[in-house]
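Single-letter residue listing:
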Amino acid sequence: MKIRGEVEESSRSKTDPRADSGLPPDFSEWFRDHQPTVYRYVRFRIANREAAEDVTSQVFMKALKALDRYDPNRAAPRTWLLRIARNAVTDHLRSLKRRSSLHVSLDRVPDLVADVPSQEERVLREERIEALLNASRELKPADQEILSLRYGAGLGNREIAEALKISGNAVAVRLHRALARLKVVVEKQRRD
Amino acid sequence: MTKPNEPPDKDFRATLPADLQALDRELSGIRIEERPSFGPELEGELAEAWRAHQASRGEARPRWRRTLLAAAVAGLMIAGVAVPGARAAVLGLVRTVAEEAFPNFFGPEEQAEVQLPEIEVTEPASPEPETEVVVSAADPFEEPEPPVHQFSTLPEVPTTLPELLSRREAEQIIAAEYPAELKEAGVGGSVELQFWVTSMGMVENISFQNGSSHLQLNFAAARAAQKFQFKPATVNGVPVGTLVKVTVHFHAMTGQGGFAPDTSTSGG
Chain A
5 MKIRGEVEES
15 SRSKTDPRAD
25 SGLPPDFSEW
35 FRDHQPTVYR
45 YVRFRIANRE
55 AAEDVTSQVF
65 MKALKALDRY
75 DPNRAAPRTW
85 LLRIARNAVT
95 DHLRSLKRRS
105 SLHVSLDRVP
115 DLVADVPSQE
125 ERVLREERIE
135 ALLNASRELK
145 PADQEILSLR
155 YGAGLGNREI
165 AEALKISGNA
175 VAVRLHRALA
185 RLKVVVEKQR
195 RD
Chain B
43 MTKPNEPPDK
53 DFRATLPADL
63 QALDRELSGI
73 RIEERPSFGP
83 ELEGELAEAW
93 RAHQASRGEA
103 RPRWRRTLLA
113 AAVAGLMIAG
123 VAVPGARAAV
133 LGLVRTVAEE
143 AFPNFFGPEE
153 QAEVQLPEIE
163 VTEPASPEPE
173 TEVVVSAADP
183 FEEPEPPVHQ
193 FSTLPEVPTT
203 LPELLSRREA
213 EQIIAAEYPA
223 ELKEAGVGGS
233 VELQFWVTSM
243 GMVENISFQN
253 GSSHLQLNFA
263 AARAAQKFQF
273 KPATVNGVPV
283 GTLVKVTVHF
293 HAMTGQGGFA
303 PDTSTSGG
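As given, the protein sequences belong to chains A and B, one line each in that order.
Using the numbering used here, the letters of the first sequence map in sequence onto residues 5 to 196.
Using the numbering used here, the letters of the second sequence map in sequence onto residues 43 to 310.
The reader is advised that the hints may include incorrect statements.
Said to hold, decoys possible - Here are the simulated DSS-like cross-link-like pairs (lysine-lysine), alpha carbons at most 30 Å apart as the crow flies:
1. A:K169 x A:K187
2. A:K69 x B:K269
3. B:K287 x A:K187
4. B:K287 x B:K269
5. A:K66 x B:K287
None of these hints come from the bench; they were simulated from the model.
All chains should be built: construct the whole structure from the sequences, respecting the hints.
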């Protein structure tokens, strides 16, 4: 299997000491390149870090099992992995919904705050992130999806378009609407 | 795929009204930091799973050989259906192979022979007079009724299912494989496995049917199952390989392990 636009394993393994991970060479490379993206996407949508780690593990385990069926002509590796991640997150949230534990609490967000100098500022920032994430969970799944791809996985509009199989214009419109709806929910929660 | 005239991403924020720009900026400022050891840990687990997967596949034939074999089998089947002579040859071949593999299933050769009714052929004592005409009761132009075939049922073959040599030992193996950190953290769970018990009673080709969300429990269950020893299933007293489903339980409260064999098994 050959990955689009990537270096041949034979030449890479001679220079890269990390090449021997025990995984298939292509998959090993995907893991190193895309695991942080997948994790951030999952973490943005899931209320606590432990669950996000579990779901990320499931994503790569499923991808490893389905490696033979991956078709490079249909999707780039990251798009494929994010597609698996979307399904895994949906399954996870469905199971959580039955237990009504979708909400984030303050003790679960410290890993989402970085580069904040003072403790006081950090607490305020945590509260704000908590409010934003809880508000985002009130949105429709499609809105949550597109916000997670942009602000969680950190994808650009072009990459989101590829992942969702829609046009760049459609991405911009959907993002705009999702942000507007998020703002309404945040303000409503603030008033309440 | 994206269209070439889509707006560049960096300009997206500029297209938003001021209040949404602020929200976009705020959301973009969320920094998701993963636990530093998470990536290496996960990579290790994946490598372990991959090794187990490779081991379970054993000496899998190369793809081209599998394709060639499949094509040959398909060709034989088509030829077998289409050409009576070939069909007989294929059936004969299948029977020969099956008899070598399962000699007791087919029984001794002489039992398989079909006993044909004996037909006596006697010469007439004297030539019949030419004028004598024998008219039979049956109309010679009427089509004879097809013969009625009597299908005999296959004899019942005594079979036994595989059994663990020692259930207690199996439970001790499960308890020993229970990851200490999960045990201490009170994390338990069940893992449903499927594997092949060989005619020697060894476990091969383990696969997960319903795993735990804790990958370490899945691996622990697979490691434990690999060490199980069975009394193999038998057909007509001959040990055969069997597919077995087992649910391995890790009890968080006691730190003990247990399992429940599934009743669904299939022999081969």
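For each hint, the structure was consulted:
A distance of roughly 26 Å separates the Cα atoms of A:K169 and A:K187; the hinted pair therefore holds under the 30 Å criterion. For the suggested pair A:K69 and B:K269, the alpha carbons sit about 24 Å apart, so the restraint of at most 30 Å is met. Under the criterion of a C-alpha separation no larger than 30 Å, the hint pairing B:K287 with A:K187 is inconsistent with the structure, at around 51 Å. Annotation: proposed proximity of B:K287 to B:K269 holds, straight-line Cα distance about 15 Å (limit 30 Å).
Of the pairs offered as hints, the one joining A:K66 and B:K287 holds, with about 21 Å between alpha carbons and a cut-off of 30 Å not exceeded.
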